[in-house]
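Taking the hints into account, I'd like the entire structure generated from these sequences.
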Amino acid sequence: MITIQDKTYYVTYIMIPTMVDGKVCNAATKTTSILRCYICGLTSKHFNDLKTKQEVNPKALKFGLSILHARIRILESLLHVAYRLPLKKGRINKKKDDVSIINQRKAEIQKDFRVKMGLLVDMPRTGFGNTNDGNSSRRFFENPELVAEITGIDIKLIFRFKEIMEMMLCVELPAKSDTVQNFDDEETKDDTELMSDEGNSFSD
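So the sequence shown is numbered by full-length UniProt numbering: it starts at 1 and just counts up by one.
If you are wondering where the hints come from, they were derived from the structure by calculation, not from laboratory data. It should be emphasised that the depicted structure is a prediction, and the values quoted were computed from it without experimental measurement. One thing to keep in mind: the hints can contain errors.
[What the hints assert, rightly or not] With a straight-line Cα cutoff of 25 Å, these simulated PhoX-like cross-link-like pairs (lysine-lysine) come out:
1) K116 - K106
2) K45 - K162
3) K7 - K30
Okay, structure coming up:
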């Protein structure tokens, strides 16, 4: 209650915990494994199986979807796929030359991002974390053409991730609208096929 110039105003609020991290979300939704999605309950090995569909837990949505963290994680996922493109596989064999091939490819990609876009990606920072921050991820997705040229990843895949994040930002676009449903049904299959063509999978 606030009184201003003899007028009384009553303020009510609803607290929504949208700035909590994944560990808090897992605990609040009783998700026992960090490898399991706290929203749909599936693990990574099921994500590319389009026949496996799990109902979303409506209560889990109150924690929100952080576009900042989503953008950074997608950036990192695409980089890790790009590092493995010469091998055409997601899982590496440390006893073979896989590690040296990946490290060489990683160094080449990091150099190209630094020279062509002025970006430092996947570089450790003194004391904490790495250079994959919000600004880097924003600039990464602002230029899909150049990113595709540097990473070797199909530009359609990069652009579709960009579209998904833009839809997450669009608060006026209902989750069950025709636009979102059509994107889910048509694009998901194409994206999965693109990942198969690259010889990689986010589940690996």
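A quick look at each hint next to the structure:
1. K116 - K106: OK: K116 and K106 at ~15 Å, within 25 Å.
2. K45 - K162: Holds, at about 23 Å.
3. K7 - K30: Distance ~46 Å between K7 and K30 Cα, so the pair is violated.
The earlier numbered hint that this structure contradicts is number 3, and it is the only one.
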